[in-house]
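**Student:** Residue numbers (the numbering used here), protein chains in the order written: chain U, 83 to 359; chain W, 83 to 359; chain C, 83 to 359; chain L, 83 to 359.
Keep in mind that a hint or two might mislead.
Keeping only pairs whose Cα atoms sit at most 20 Å apart, straight-line, the calculated SDA-like set for lysine to any residue is [as the list claims (entries may be wrong)]:
#	chain 1	residue 1	chain 2	residue 2
1	C	Lys353	W	Glu175
2	W	Lys249	W	Thr344
3	U	Lys353	L	Ser171
4	W	Lys353	U	Arg141
5	W	Lys353	U	Lys353
6	L	Lys355	C	Arg161
7	L	Lys355	C	Ala144
Keep in mind that the hints were calculated from the coordinates and are not lab data.
Chain by chain, the residues run as shown.
There are 4 protein chains.
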Amino acid sequence: MTTTPLMQSRLPRRHFLARCATCMAAGFVPSILFARQPPPPPAAPGALDLVDDLVAANRILAREGVVDAYGHVSARHTRATNRFLLSRSVAPELVTAADVMEYDLEGHAVSPAGRSSYLERFIHSEIYKARSDVNAIVHCHTPSIIPFGASTVRLQPIYLMSSFIAKGVPVFEIRDAGGMTDMLVSDGRLGRALAQVLADKPAALMRGHGAVVVGQTIPTVVGRSIYLDVNARLQAEAIALEGKVTYLDSEEARRWDAANGTYDRAWELWKRKAIPK
Amino acid sequence: MTTTPLMQSRLPRRHFLARCATCMAAGFVPSILFARQPPPPPAAPGALDLVDDLVAANRILAREGVVDAYGHVSARHTRATNRFLLSRSVAPELVTAADVMEYDLEGHAVSPAGRSSYLERFIHSEIYKARSDVNAIVHCHTPSIIPFGASTVRLQPIYLMSSFIAKGVPVFEIRDAGGMTDMLVSDGRLGRALAQVLADKPAALMRGHGAVVVGQTIPTVVGRSIYLDVNARLQAEAIALEGKVTYLDSEEARRWDAANGTYDRAWELWKRKAIPK
Amino acid sequence: MTTTPLMQSRLPRRHFLARCATCMAAGFVPSILFARQPPPPPAAPGALDLVDDLVAANRILAREGVVDAYGHVSARHTRATNRFLLSRSVAPELVTAADVMEYDLEGHAVSPAGRSSYLERFIHSEIYKARSDVNAIVHCHTPSIIPFGASTVRLQPIYLMSSFIAKGVPVFEIRDAGGMTDMLVSDGRLGRALAQVLADKPAALMRGHGAVVVGQTIPTVVGRSIYLDVNARLQAEAIALEGKVTYLDSEEARRWDAANGTYDRAWELWKRKAIPK
Amino acid sequence: MTTTPLMQSRLPRRHFLARCATCMAAGFVPSILFARQPPPPPAAPGALDLVDDLVAANRILAREGVVDAYGHVSARHTRATNRFLLSRSVAPELVTAADVMEYDLEGHAVSPAGRSSYLERFIHSEIYKARSDVNAIVHCHTPSIIPFGASTVRLQPIYLMSSFIAKGVPVFEIRDAGGMTDMLVSDGRLGRALAQVLADKPAALMRGHGAVVVGQTIPTVVGRSIYLDVNARLQAEAIALEGKVTYLDSEEARRWDAANGTYDRAWELWKRKAIPK
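Can you make the complete structure from the sequences, with help from the hints?
**Tutor:** Structure follows, in structure tokens:
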């Protein structure tokens, strides 16, 4: 076990040890340090903050109605970019640090220790493989987006908070990839098909199922998931008014994204409400 | 009173006695043990777990908005398959173990002990009689399903969580069975008419009234009731978008149901939120 | 002060005195006992229960979203049928026994004691004058009913819980009675015009304003107000489905009302949730 | 530092000093007393009440769903009419007295003390400059109003609570003023363009963004923001019914506004719920 890189960080040793103890006591085994082969780079303290943020993301998404008992959120490992963190198979609202597991890009749990995995972890593994710019992924069944996934009407960005939609939100039709299935992206082949439809976009709807949302950081992917939901509801309402609707121009969206697309102020609020101190 | 089968179970004697005492103190008389004729098989410990689950189901359905002050949920007795458990006439949100009563398949309370019965208990008795595969039944007035019960537009499965709808959700028109009524299924004749319309389906809407949902287990019938509600809302939204809507294919639904249709992960979450420890 | 009728009641003297003390301490002066002319019959203990129920009704209507900061609920005095009880001018959610005042049928507060009155108390006074069958009245601005008050589309009973709508829910157009006004029913003349439009119906919508709902008892008028709201939402949803909609037949409604129209089971639940013990 | 005017007020010296201490301890520096040039009139105790009300307004708007993590509310300084109070850049739900800063009418913070400012403070500065009748301003992204900002369908007053809409709610199209932008009113030029579109109206929608609402007092602007939201939802529902809709006549609206447009009763309730004592 190489602790040197950790010691080099700015995190005081005492603080680090306390956090390790907490994580281990809570059942979060930093498996990456013990994994036999191939030996990944040692975990950075960032990975511990990442676990905190990932737990927060689970709670926030549940509190904001993006996920119910189903759906999941993952984050790419800070240093071991061929690894990602994802909870064991449990409702997002109940996720604690002890539930967070490490996976490789084939969707194998590194140290399962008897914990069961989400059937659809291949959504995450295949997108991390295909998209080096993506560090966080949400899979959800948010009610408001289901009608758009089933309809020929496409999502359009109705206001600045959901401007990322201007980049395009394709619909994944699992029949194209797998014919008649049980609708689940439960193997690498279907995961790759989904990643191909997603391409370089920030999100894709999944017909009859839900959506996948990606981002560079956990706060970004959480913000996108929340405002994807709001946009779906508001676009439906705008259509029902039966007037002409003006959506964001892609140039307006690009400029807003460049300056403001990280949802930082919202992240602080969501976290405070989902995890009271 | 034959206690032998109970003693043979894996439940320690001390635990069993404590639970019996609790149930009896709370007013839940395991009447099946005392009933005169025909003598049913003795209650299994399963029946006690069933009471816990039935109380949980009542609270969950209230918390999730499936029922308000009206509506009820029952479960077939674990061993005495010609008996079922149903609360006395009280709002589901207030049901405790003490309110759970035992009924025969004619809708007679075995040991009422002065407690009043739901007027529409015949919904339950007649469906248990007609459907040996059904072990749990919900009757509800969930708002979202009322428009579909009153409309010529039929429910269709819009996503995997409500895939059971692909088997068909017929509409019970009480006028066909009883002409002008007070709308209530308050006797065996109307209960039989409803069971005939339900046939082998997982649910039926009742025009101007609500729905009946059935399943093999309590978690399944609770999950179906919750996602019947979600589906009704989402299908209405999809229709309002005025594009073409693609619903689940019956083969997709069949495959998902076979692998995942039990809502187990959700049941744990719902129970934890409805009955805090 | 004649206490004899009160003493004749089944309420033990000690209990009665304690409640009087509570009411008086809380500022509820049983003014009817002191009023000079015409001397009304002495208050029955029923009036004290009525205050409890009226406070509960205010809290329930706020909790269920029927009223926000505006709206009010009154009850006819149990024995002095030419008097009614109504809170001073305060948001329903904040009403306590101390806020309850007594009014005559001209809308005059019997013992205001410096407390201000709702501007629209004439809604109540004129309906009590015109409808001897009415013992409780709600005036509300419930959001869901506003579109129906403004539209040429009429409310119809979509399910058994709102069957009373089958008797008819006329729309009061204040322009017919008063031309251009500030929209408020703030005098006896406008109150009489509203009572005439209401006629013998259970409720009337008020264009650009809200509704008035009446009933024989407080639980009935509260239940009708709550399910008027639900019906408005569900009817709008049924219309949006664009199929043919079957509403309750007036004979079905009449039969249901006769047997079940009192919302007693719901009242117990609503009260328990609005006023925790 | 001139304290004389403050001492002349009706506020007892002891009370005033206590409140100053509280405010200063909390980080609210009454900067107006220290500002060098041009020396504004000394702050009145009213400014301290104003801070309380401004904090309450932030919490109320968050609680009522008018703002989420974004949006802001300001108030013109009671005596220094060329100054206004606005929180530092933080989610409205989290605002405390310590976050309230003072700005001049060019949008410069008088004593930032390291605190960051909302990018869109120019919405406030330019409207206060143009509208001497306005003492409070809300900027929000309330979901229900977004469809109306994007649609050719205009807001109309559907009931008395939102009668102010009868004065007109224009839509600000930022493309007219700035061509392709990042959608934010982040400088004086865009602020002036918005103020020009607002003209003498009580509110303006901002296409693809949200709205600005103005009023003579904080309770008025909060009430208008809340009922702008309700009106948007109800007007959309009325349109969906597909009957003919009758909106408030401008004369009805004018009369209601004159007598009742201050939302005082609601303000007391909102405050009590948003800031429990």
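**Student:** It remains to establish, for every hint, whether it holds in the given structure.
**Tutor:** Okay, the hints, checked on the actual structure:
1. C:Lys353 / W:Glu175: Holds, at about 13 Å.
2. W:Lys249 / W:Thr344: At roughly 16 Å apart (the allowed maximum being 20 Å), threonine 344 of chain W and lysine 249 of chain W satisfy the hint.
3. U:Lys353 / L:Ser171: Holds. Lysine 353 of chain U to serine 171 of chain L sits at ~17 Å (cutoff 20 Å).
4. W:Lys353 / U:Arg141: Roughly 18 Å between the alpha carbons, so the hint for lysine 353 of chain W and arginine 141 of chain U holds.
5. W:Lys353 / U:Lys353: violated (25 Å)
6. L:Lys355 / C:Arg161: violated (37 Å)
7. L:Lys355 / C:Ala144: Holds, at roughly 13 Å.
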